[in-house]
Amino acid sequence: DAKTTQPPSMDCAEGRAANLPCNHSTISGNEYVYWYRQIHSQGPQYIIHGLKNNETNEMASLIITEDRKSSTLILPHATLRDTAVYYCIVRVAQGGANNLFFGTGTRLTVIP
Amino acid sequence: GAVVSQHPSRVICKSGTSVKIECRSLDFQATTMFWYRQFPKQSLMLMATSNEGSKATYEQGVEKDKFLINHASLTLSTLTVTSAHPEDSSFYICSAISGYNQPQHFGDGTRLSIL
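Protein sequences appear in the order of chains P and H. Numbered per this note's numbering, the first sequence spans residues 41 to 152. Numbered per this note's numbering, the second sequence spans residues 13 to 127.
It should be emphasised that the hints constitute simulated quantities derived from the structure, not laboratory data. Predicted model only: the values in this text are computed from it and were never measured. All the given hints hold, so there is nothing to weed out.
Quick list of the computed label-pair ranges, beta carbon to beta carbon:
(1) H:Ser30 <-> P:Phe141: 24 to 34 Å
(2) H:Lys76 <-> P:Pro116: 40 to 50 Å
(3) P:His80 <-> H:Lys76: 26 to 36 Å
(4) H:Lys67 <-> P:Ile151: 41 to 51 Å
(5) P:Asp107 <-> H:Gly28: 48 to 58 Å
(6) P:His80 <-> H:Ser95: 28 to 38 Å
(7) H:Glu99 <-> P:Arg147: 21 to 31 Å
(8) H:His19 <-> P:His80: 13 to 23 Å
(9) P:Asp107 <-> H:Leu38: 37 to 47 Å
(10) P:Pro152 <-> H:Ser27: 35 to 45 Å
Partial list, computed: chain P residues near chain H (C-beta under 7 Å):
(11) Gln82
(12) Gly83
(13) Pro84
(14) Tyr86
(15) His89
(16) Phe142
(17) Thr144
Backbone N, C-alpha and C fix where the C-beta goes; we use that ideal spot for every residue, glycine too.
Chain P with its partners taken away, still in its complex shape (with noise of 0.2 Å):
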């Protein structure tokens, strides 16, 4: 799998938007870039993936550039309750299983 690079820890102001860059410098034409965020003492929660389009939800936006080698994931409007441990993972699926390697991922921290 690509590894990927993100930095250790952001603060936001509550109210602005939250951008978490992630490098997947190596990622293979058919990985996707998924992302999940851990609150604390909580199992981690879906947020959005993609392959090479530009993705959005209700919680996020996921912006991958056009050579696939960065993405950018967006909280509009950050709450205080977006403060966690966000993972950028890159995975492809095999045999029907996509286990994902967690790597250490950015502390976010929103500031009231």
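With chain P's structure known, arrange chain H on it following the hints.
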């Protein structure tokens, strides 16, 4: 949709006890379930992959005789930590997927403390 329920949420027991953790997909059939472990201040580490009706595939370094996994139906997988010791104390988390290339959905984890 895509809710995964894990039970119990917390277990405290004596050394030598065996502990069973259940993972259920509530509103979908899970073709595959995964079991992870997370130690304090560390990231999640995959322990094993479980497909319904077949033996689990364990990651390197994970003892299959100590961490017994049963995936008897498309909505239930269980992890039994046999003869647990203090070093087995950790946060155990399961996840499930409904099909090929679908995202994993996680349970809320089980915090296991062995005294």
